[in-house]
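**Student:** Single-letter residue listing:
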Amino acid sequence: MALDYSALYPVLIMVAFAAALPAVHLVAKSSRAVAGVSVVGILASMGLVLYYMMNGYPVPMGGPNTPLLQFDVFAALFALVFQSVALITVLTSARYIEKDRHQAEYFALIMLATAGMMLTAMAVDLITLYVGLEVASISTFALVAFRKKDKRGAEASVKYLVIGGLSSALSLYGISLLYGITGTTNLAGVNAALAAMPSGLDPAAWMAIALLVAGFGFKVAIVPFHMWAPDVYEGAPTPISGLLAAGSKKMGMVLMFKVFIVALIALKADWQVLAGVLAILTMTIGNVVALQQTNIKRMLAYSSIGQAGYMIIAIAVATQFAVEGGIFHIITHAFMKGGAFMIVAALSYVALGENISDYKGLARRAPLIALSMAIFLFALAGIPPLSGFWSKVILFSSAIDAAQVAGQQWMMWLAVAGILNSALSLYYYVRVIKYMFVDEGVSTEKLKIPMSMSVAIAICVIATIAIGLWPNPVIDICSQAARTLFPI
Amino acid sequence: MFENIPILSLLLIVPFVGALVTIGLGKNPKVAKYLALVFSGITLVLATLVTMNFSLSAPLGTSFQFEENYEWVSQLGISYHLGVDGISILMVFLSALLVFLAVIFSWDVEEKTRSYMGLMLLLDLGVLGVFMSLDYFLFYIFWEVVLIPMYFLIAIWGGPNRAYASIKFFIYTHVASLVMLLGIFALYFTASPLLGHPSFDMGQIATVSGDMGHAIQVIIYAALFFGFIVKMPMVPFHTWLPDAHVQAPTAGSVLLAGLLLKMGSYGIIRICVWTFPNITMEGQVLIAAIGVVSMIYGAFACLAQTDLKKMVAYSSISHMGIVLLGIATMTDLGMAAAVFQMFAHGLITAVLFMTCGMFQHKAGTREIPLLGGLAPKIPIVSTVMMMGFMASLGLPGLVGFMAEFSVLTATYDWAGLWVMIPIASVALTAAYYLWAMQRSIFGNLTTKIDTEHIHDAYWFETVPLAVLIGLIALFGIYPRLIMDIIVPSIPRILTGVI
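Taken in sequence, the protein lines are chains A and B. Under our numbering, think of the first position of the first sequence as 1, with each following residue one higher. Under our numbering, think of the first position of the second sequence as 1, with each following residue one higher.
These aren't lab readings, by the way, just hints derived from the structure by calculation. Using N, Cα and C, we set each Cβ at its ideal position, and we do this for glycine too. Check before you lean on any hint, since a few could be wrong.
[As the list claims (entries may be wrong)] For the chain A half of the interface with chain B, some residues (derived, Cβ under 8 angstroms), not all of them:
1. L26
2. V27
3. A28
4. K29
5. Q404
6. A406
7. I419
8. E440
9. T444
10. M451
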């Protein structure tokens, strides 16, 4: 029987366009043309994903009992998230890097990274999962190092490469331990094998869990594996920081969902408390440290760590409702955080500094940009009726819901910690808003943001507001996606 | 009259569209002002129409009027459910009125006029939404929406220490709202199994709240009550208020004291009392104590102030204490009087803050020791201030008297001679107002400020004040106009039925 590749087509489109980009650059010699072709590629791939969503999903790829890739609602939803992030990154980058060399490679790497992320979302096998992770990681290593003459960039890229490599190694080791215990690399198979084992946790399984938490924890930047994130976000070209925060980090969450909710759910009782503690630590440390930042990229990086803490609640609670909240949060966060980073990129393109104090008086210089930034920051802080509010509501309420079960009352603390942290985070978000709207800046000269960047920002603003006002359809699809992880 | 028109939604749409139009088209400050005037005017007209058409003769069983109910986020049981009863309709009218008057009063705002006017309309939207929502979630959203325009109004157009005050305001009240949100969640998750389906509907939840375990009822009650008394604000959670008031621009203070504080007391009546009448009954003494302490503490704090505006801010704490005391009695009269006091305080406090703002503008200071003998120089301002003080200290014939008197009567019926304690605060109130008046507008003309070029009230100051004073006198002489609207809605609240 011939293998049906149709599940791979969206990924293949991205790869094909990525491969074509150097040729396009050779002919057209303009970064805009390259960016334009990339946009076409991303849109084509998105179109195919949408087509699948409407007209039924392709059959799983691989052997009949051991599928490797499965294109379902979950994969489609995350493919759309990753593609949207890639789209805004490309739109912002077109002007941002126009003076740099190797532009075709830059855009090609963005598309390859996206392809890798899409693969992880489709993977139903530990090996394909790992392949996707590596494709995405290696591409982003190069992207972070793109401005190799920039000292901060060079430092960031070395840090990112070393830590990224380490985290890959740790997760690979964890994966091989799992294989050793269960004799299979299929996610569902791992779970079935673990569930069939006699009670009492194998020490090797403990090791595997610890290694996987550490390996994926680096990707998601969970405390205490978060140290690299602020430095790398600060040193990377800003659109790439956005890609890391809004895309790569979400891939880490996909990995965690796949491994913990699908493959290790049988051991839930053993890792739940650990995940809960990590969630609370992550949100608290992220938010507290964000309070003290003076550089806006670092502030956004730490706030991202805080937000990752909220997402870990989904793992700790591990109910379908919680995963639904986690997925919802990933979607909203991609647009809020992505948008905020694109604004920072756009502003540094027009020569505004990256210190938070440089944003003083911005409302006079670029009123629409300041307004958009305020919308993102309010959404991140969870002020209704913006999108970030709903995702927090579902996440926190899933914890309260789960706490109704005897023996799990401690989960109430996840919600309490989340809410206290939201209040804390408000302070540093509002401080930026205050700078932009209340304080007087040193200059009142108007800032003119290039069209393509404005489009990228506008996409994020519209998504942030629209999801806030009409959360229904998104909640629906998130709940369908969450259901795919909980086979009954 | 409004069978086919979603009139309550219109009340939300008009200020919202108004805010967008004003911010979009108001490049010229003059245009912005007129746009804001028109849109807040239409809102006021609509609110007045709704109030006039509010049926007083509806049979007691009928719950809310002009109801609108649509599913919103069906998965979670969130609905877009609006409706008014005798309590909310008064607050809706008060909101529309105060915002309209505040727009007029702000006629001399020249800096960033369009954002200013747009934010006023957004604030209108939020406050009206809070008073009309019958779904916890919708209620919470509007509750939070109110914070943003108020934050900007203080942070951009406020006094010298505005950055500190605005952030303090935002964080304080946001934390309180988050605690309230936790309470709402707990309520939702406890009520949904009892109802058999997820629901945030206030009415539906009120029907099953009595079946919840006692401990969980108390916990939820505490969380919600905390959220509301911070907003009211009651001692010891009041410290954000003087800062916010002193720094806010005059119209901001008017809306803050006139409307935002009412959101707190409205929440206690609409949510705490209605959903958990039994728990309120159990906590009656504690609630009354918080109210009385706030009354006395606020009054003493007023005596110590030298800044007129700060004094008025503290007096708000004292007067909102009266509202809480009225609620604590859990009698028909006490509850009705509490609502009446909310309405009265809204009118009176607007006058007081406006006159304080005028002093700042005209004399350049609000420091009482620097003022003195200004009555002959600025007769209109001084007269209005005097009337405001009189209304606030409860002079018979003005609206404040009726409210305070009813609350104290209800307290006497419930607690007997303990009523002497809150009455003491009435005496203190008279003392600080008269003392402030004597020092600031009577006596010898001051030499500490430039009184040569001092100018009496402008038209845009006189008009709103005249309207307010007129209403204060009208409802003071003929309180039935208000009481007739409030009274039929009270028994339902006290017994917890829909």
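**Student:** Does each hint hold? Answer for all of them.
**Tutor:** Results for each hint:
1. A hinted interface residue such as L26/A counts as satisfied when its beta carbon comes closer than 8 angstroms to some beta carbon of chain B; here the least separation is about 46 angstroms, so the hint is violated.
2. Because the beta carbon of V27/A sits about 44 angstroms from the nearest beta carbon in chain B, more than 8 angstroms, this interface hint is broken.
3. For the restraint placing A28/A at the interface with chain B, the shortest Cβ-Cβ distance is roughly 39 angstroms, beyond the 8 angstroms limit, so the hint is violated.
4. Hint status for K29/A relative to chain B: violated, with the closest Cβ pair at about 42 angstroms, above 8 angstroms.
5. Given the 8 angstroms rule on beta carbons, the hint for Q404/A holds: about 6 angstroms separates it from the nearest Cβ of chain B.
6. Of the supplied interface hints, the one on A406/A is violated, with its beta-carbon coming no nearer than about 14 angstroms to a beta-carbon of chain B, more than 8 angstroms.
7. Hint status for I419/A relative to chain B: holds, with the closest Cβ pair at about 5 angstroms, below 8 angstroms.
8. Checking E440/A against chain B by beta carbon gives a least distance of about 11 angstroms; that is not within 8 angstroms, so the hint is violated.
9. Residue-level restraint check for T444/A is violated (minimum Cβ-Cβ distance to chain B is 13 angstroms; threshold 8 angstroms).
10. Among the interface hints, the one on M451/A is violated; its C-beta lies about 21 angstroms from the nearest C-beta in chain B, farther than the 8 angstroms criterion.
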